[in-house]
Amino acid sequence: MSARNRELLALIPASLLVTVGFAAVFIQEDDLISDTSLTYGGVFLGLCFVAHLIIRFTLPDADPYLFPLVALLACFGLVMIFRIDEDLARDQAQWFVIGLIVFAATILLLRKDYRVLERYRYTIALVGIVLLLLPRVPGIGAQVNGAYLGIELGPISFQPAELSKICIIIFLASYLRDTRQVLVQGARRFAGITLPPLRHLMPLLVVWGAAMVLLVFIRDLGSSLMFFGAFLAIIYIATDRLSFVLIGLGMFGLGAWFFANTVSHVANRIDAWQHPFDDQLYDAVGGSYQIAQSLFAQADGGVAGAGFGQALIETPTGAPILPAAQTDLIYALITNELGLFGAAGVLVVYLLVTERGMRIAMLAQDSFSTLLAAGLAAVFALQVFVIVGGVTKLIPLTGVTLPFISYGGSSIVANFLLVALLLLISDRARREAQGR
Amino acid sequence: MVEPASVALKFAFLAILYLFLLWVTRSALKDLRRGTQPGVSAIAATPPPDATGLHAAARGVGVGGDAPRLVVESVPGLQRGAAYDLVGDCTLGRGDVEIHLEDPFASGRHAQLTRQGSVIVLEDLGSTNGTYLNEEPVQGPQPLHPGDRVRIGDSVFIFEDS
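First to last, the protein sequences are chains Y and V.
Counting in our numbering, the first sequence runs from 1 upward without gaps.
Counting in our numbering, the second sequence runs from 1001 upward without gaps.
Since the hints were made in silico from the structure, they are not lab data.
Careful, some of the hints might be misleading.
[Unchecked claim] From the structure, some residues in chain V lie toward chain Y, with a derived Cβ separation under 10 Å: (1) Ala1005; (2) Tyr1018; (3) Trp1023; (4) Val1024; (5) Thr1025; (6) Leu1032; (7) Thr1114; (8) Gly1126; (9) Asn1134; (10) Val1156; (11) Ile1158.
[Said to hold, decoys possible] Pair ranges (Cβ atoms, derived): (12) Pro1104(V) - Phe49(Y): 18 to 28 Å; (13) Pro1104(V) - His265(Y): 37 to 47 Å; (14) Gly250(Y) - Phe1011(V): 42 to 52 Å; (15) Leu312(Y) - Pro1004(V): 17 to 27 Å; (16) Leu198(Y) - Pro1143(V): 50 to 60 Å; (17) Ser243(Y) - Pro1076(V): 19 to 29 Å; (18) Tyr236(Y) - Val1121(V): 22 to 32 Å; (19) His265(Y) - Ile1158(V): 50 to 60 Å; (20) Asn261(Y) - Lys1030(V): 46 to 56 Å; (21) Ala1005(V) - Glu86(Y): 50 to 60 Å; (22) Ala267(Y) - Ala1005(V): 26 to 36 Å.
[Said to hold, decoys possible] Restricting the straight-line Cα-Cα distance to at most 20 Å, the calculated cross-link-like pairs of lysine to aspartate or glutamate (EDC-like) are: (23) Lys112(Y) - Asp61(Y); (24) Lys1030(V) - Asp279(Y); (25) Lys112(Y) - Glu432(Y); (26) Lys393(Y) - Asp279(Y); (27) Lys393(Y) - Asp278(Y); (28) Lys393(Y) - Asp271(Y); (29) Lys393(Y) - Asp283(Y); (30) Lys112(Y) - Asp1089(V); (31) Lys1030(V) - Asp61(Y).
None of these values were measured; they are calculated from a predicted model.
Ideal placement from N, C-alpha and C gives every residue a C-beta, glycine not left out.
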């Protein structure tokens, strides 16, 4: 079976999931069986089919599983958000369509050779940093829960960190392609550890340092963890030096310790993480209420879950029980309604997406493609880790989105862009691998 | 109240999800075992280090080619498609060397190709403008693989090996 036919076949289960999911929510909420769910499934299949046709005609050799896996995640998101609120689901469906348009546009624009991106590496880095700065600009910036995450332009609100992560990864990949050998060969041993040469490390540190400082400036902790991890992953792949990673982790430890002791916003998060069931913290503003409720919700799910529509999101009077259920805590909601099985399934989907990304990186013939694919896969995996880790109380809870599932336009659009880049790399790599 | 139909649908949902994941994982595993990479098959085809000359000779006959070649992609003053057979060690450069380049950006003795066992190794000889392997500056000795692009100034060669 050819790669593209596999992809088409794999889209069918994704669409079936939409149908079954919506049907279950309908039955639970309205006590009636309607054929609307079939319509939703059909529309979803139709949209995916259009995207599939674009891939078929422009990237015939691209990885066959990546797009269906992503469609599956999007379908999960639509069903869960529909279960929370119909209007939100309508918005989300619109963003899904916009995401697909961006996806198609990226593929069509860069189908000849995505490596032109390398030529604009400093411009791209600058765009990434300016995007991070935007939420602090008076007038368009918006503060939510102590963090400056989004910008608001009229009716559209947007989280620039989502797009910025892709810009920074593109810069790192193209810069390290040129300098990775110098970084390794110019390295000097000092006091038992190998230090990279400073002259070649500088531009790297400047761009990345600016990103980190800005993230602290806008107080987006989740994203800074994501950026940092991706930076270390990409530098490890480029230089094959474990010592660089160890130095980086040491620096991260120092930085984290410093901010935990100086910035109250960070200190609060850590307190809430360590003692979520403490009475005072639970009632405090910005306290542990969210994470405690998230843990209750997950425990309520059990092995097989309570079923669609069974989780308590708000009391009959309208007071929220599971706060931010459509964004930060959507993973807790999935665990509540589909249980351990459902949640583990979602995590396996993310694992497979990352596996496909790393596989693409291994297949790619030139180091820019390898580094880009590996970096994108790493940042994707880390984003899932940061939010799922936060919701399950493994690490302090910070607000990043669960890619493709959480409600939010910028997240969907940016992640579709990421997948489009991975497919572009994969198409070239697999074609070259087959010697055509 | 929990509708029985809703419960059934939930399990149907989980079943579809897991069947799909099983299918993708199985294909991914097959993919890994087969190793679609050309690099993998090339490594398998290279003789072991203790192989005798006979081994190499036998390999050459079947494929048709023999010595690895440096094929001209675009070199000032040379026809595209022309090729140098890399029999012994050779030097590239603007001076009086085995592979002479009419390229203003090339140094006198620019880069060197040496045979080490079954591989050809490319090394820059401290040239002014550098040697590029697949558009990456060469640092130290680099083994060449079939299809590699060697660039010196404006001159581009493709390395071929049967």
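So, going through the hints one by one against the coordinates:
Hint status for Ala1005(V) relative to chain Y: holds, with the closest Cβ pair at about 5 Å, below 10 Å. Checking Tyr1018(V) against chain Y by beta carbon gives a least distance of about 6 Å; that is within 10 Å, so the hint holds. Taking 10 Å as the C-beta cut-off, the interface hint given for Trp1023(V) holds, the closest approach to chain Y being about 8 Å. Among the interface hints, the one on Val1024(V) holds; its C-beta lies about 5 Å from the nearest C-beta in chain Y, closer than the 10 Å criterion.
A cut of 10 Å between beta carbons decides the hint on Thr1025(V): the least distance to chain Y is about 7 Å, and the hint holds. Proximity of Leu1032(V) to chain Y holds as hinted, the smallest CB-CB distance being about 8 Å (cut-off 10 Å). Violation of the interface hint for Thr1114(V) is found here, the shortest Cβ-Cβ separation to chain Y being roughly 19 Å, above the 10 Å cut-off. Of the supplied interface hints, the one on Gly1126(V) is violated, with its beta-carbon coming no nearer than about 14 Å to a beta-carbon of chain Y, more than 10 Å.
Look at Asn1134(V): its Cβ gets to within about 6 Å of chain Y, closer than 10 Å, so that hint holds up. With 10 Å as the threshold, the beta carbon of Val1156(V) stays out of range of chain Y, its nearest partner Cβ sitting at about 15 Å, so the hint is violated. Because the closest C-beta pair between Ile1158(V) and chain Y is about 13 Å apart, greater than 10 Å, the hint is violated. Evaluation of the 18 to 28 Å hint for Pro1104(V) and Phe49(Y) yields a failure: the beta carbon distance comes to about 55 Å.
The hinted window of 37 to 47 Å between Pro1104(V) and His265(Y) is violated, with their beta carbons roughly 60 Å apart. With their beta carbons about 48 Å apart, Gly250(Y) and Phe1011(V) fall inside the hinted range of 42 to 52 Å. Between Leu312(Y) and Pro1004(V) the beta carbons are some 21 Å apart, a value that agrees with the proposed interval 17 to 27 Å. About 30 Å separates the C-beta atoms of Leu198(Y) and Pro1143(V), a value inconsistent with the hinted range of 50 to 60 Å.
As the Cβ distance of Ser243(Y) to Pro1076(V) is approximately 44 Å, the hint placing it in 19 to 29 Å is violated. At roughly 26 Å, the beta-carbon separation of Tyr236(Y) and Val1121(V) lies within the given 22 to 32 Å, and the hint holds. Taking the beta carbon of each, His265(Y) and Ile1158(V) are about 57 Å apart, inside 50 to 60 Å as hinted. Evaluation of the 46 to 56 Å hint for Asn261(Y) and Lys1030(V) yields a pass: the beta carbon distance comes to about 52 Å.
Ala1005(V) and Glu86(Y) have their C-beta atoms about 20 Å apart, which leaves the hinted 50 to 60 Å range violated. One distance hint, 26 to 36 Å for the beta-carbon pair Ala267(Y) and Ala1005(V), is violated here, with the actual separation near 49 Å. For the proposed pair Lys112(Y) and Asp61(Y), the alpha carbon gap of about 14 Å is at most 20 Å, so the pair holds. Straight-line distance between C-alpha atoms of Lys1030(V) and Asp279(Y) comes to about 53 Å, which puts the hinted pair past the 20 Å bound.
With a C-alpha separation of about 14 Å, the suggested pair Lys112(Y) and Glu432(Y) falls inside the 20 Å cut-off, and the hint holds. Simply put, Lys393(Y) and Asp279(Y) have alpha-carbon atoms about 17 Å apart, close enough for the 20 Å limit, and the pair holds. Between the alpha carbons of Lys393(Y) and Asp278(Y) the distance comes to roughly 14 Å, so the proposed pair stays at or under 20 Å and holds. Restraint check: the Cα-Cα separation between Lys393(Y) and Asp271(Y) comes to about 12 Å, which is no more than 20 Å; the hinted pair holds.
Restraint check for Lys393(Y) and Asp283(Y): satisfied, since their Cα atoms lie roughly 18 Å apart, inside the 20 Å limit. Between Lys112(Y) and Asp1089(V), the direct Cα distance comes to roughly 38 Å. Violation of the 20 Å bound is thereby established for this hinted pair. Restraint check for Lys1030(V) and Asp61(Y): the C-alpha separation of about 17 Å stays at or below 20 Å, so the hint holds.
This entry does not satisfy hints 7, 8, 10, 11, 12, 13, 16, 17, 21, 22, 24 and 30, going by the numbered hints stated previously.
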